[in-house]
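Produce the entire structure from the sequences given, and follow the hints as far as they go.
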Amino acid sequence: MNNFGSNSTGHILDQLPSSSNQQHIPIFHINKQHLVNEDYYDLNSILAMKANVHCVFESGTPLEIFPLIGQKLPEEITEGKTHQTVVPVWLLSAGIGDICRFNLPNAYNKINSDVIAAGSNSKKLEATRIVARQHYFYLLGIFLCRHTEGKRIATTLLDAFTQRIGLIISLAVDTSLKPRDLLDESEKILFYGIQHAELLQREWIRRELSHSKRRSTKRKFNQECGSFLL
Numbered sequence: 001m002n003n004f005g006s007n008s009t010g011h012i013l014d015q016l017p018s019s020s021n022q023q024h025i026p027i028f029h030i031n032k033q034h035l036v037n038e039d040y041y042d043l044n045s046i047l048a049m050k051a052n053v054h055c056v057f058e059s060g061t062p063l064e065i066f067p068l069i070g071q072k073l074p075e076e077i078t079e080g081k082t083h084q085t086v087v088p089v090w091l092l093s094a095g096i097g098d099i100c101r102f103n104l105p106n107a108y109n110k111i112n113s114d115v116i117a118a119g120s121n122s123k124k125l126e127a128t129r130i131v132a133r134q135h136y137f138y139l140l141g142i143f144l145c146r147h148t149e150g151k152r153i154a155t156t157l158l159d160a161f162t163q164r165i166g167l168i169i170s171l172a173v174d175t176s177l178k179p180r181d182l183l184d185e186s187e188k189i190l191f192y193g194i195q196h197a198e199l200l201q202r203e204w205i206r207r208e209l210s211h212s213k214r215r216s217t218k219r220k221f222n223q224e225c226g227s228f229l230l
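Heads up, the sequence shown is in my numbering, so the first residue is 1 and it goes up one at a time.
Derived SDA-like pairs: lysine to any residue, alpha-carbon spacing no greater than 20 angstroms straight-line:
1. Lys151 with Thr162
2. Lys178 with Arg129
3. Lys81 with Arg101
4. Lys124 with Asp181
5. Lys151 with Asn106
6. Lys124 with Asn109
7. Lys72 with Ser59
8. Lys110 with Lys151
9. Lys188 with Ser170
10. Lys124 with Ile165
11. Lys81 with Ile65
12. Lys72 with Asn52
13. Lys50 with Phe66
14. Lys188 with Thr175
Source of the hints: derived by calculation from the structure; they are not laboratory data.
This is how it looks when you write it as C-alpha cells:
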C-alpha cells in the first residue's frame, strides 16, 4: 500500500501511443512517480497501516531522522547503546527498515506461524485468536511480505485462509449470525458476502416454490373444470 511507482500500473504506460509523446499532448504526460497502488485510498488498507512495529536504532543513527518520523528527539546514541521505539508500519515503505532493526508484530512471528501451520484441532482455537486479534491480519501480512521474510509470511497467510475458509462458510450460512470477534476484517467482508448470497439463494428458492405451487394449483383447477364440463 502507498508505494509510489507501482509495478502493477507500469504496463499501462507502456501501452500508451508513442506518437502521443512526440506530439507533447499534456493529457498523456504521466509521471510514473505519481502513480500509487490501487489500494491507496482503501479505508481498510489505511487502517491496517495504523499498526506499529518495534524498532531498535543503533549508534550512528542521525538524530535528525527522529522528528521526520514523528518521534521525540532522543539523546545521542553512543557506541554500544541503542534507542528503542515504535513507529507506524507504513514507514517500512519509506525505508525505515534500512536504518533500524524492526520486529514483526506478534501475529507474524515464527512461533505463531508454526501454530497456524499445525492445523490440528488443539491449535485451531489458538490460531483463531491470533488471526482475529490482529484485526487486519491478511492486509497487514501482505504489506509485510514486501519488506521482510516474504515467503514465510505468505505461507502463513495461505495456511490461515485455507484452514479457516470452512469455518467462515459454516458461520455465514446462518444469515442471522454476526461474526463478532472470530474473524479479521478481510474475513468479515467474505462472511457478509456469503451471507448475502445465501439470502439471495433462499429468496430465489422461495419464489420458485411459490410459482411451482401456483402452476400446480392452476393445472389441478383446469383438470377439474375439464372433468366437470365433460
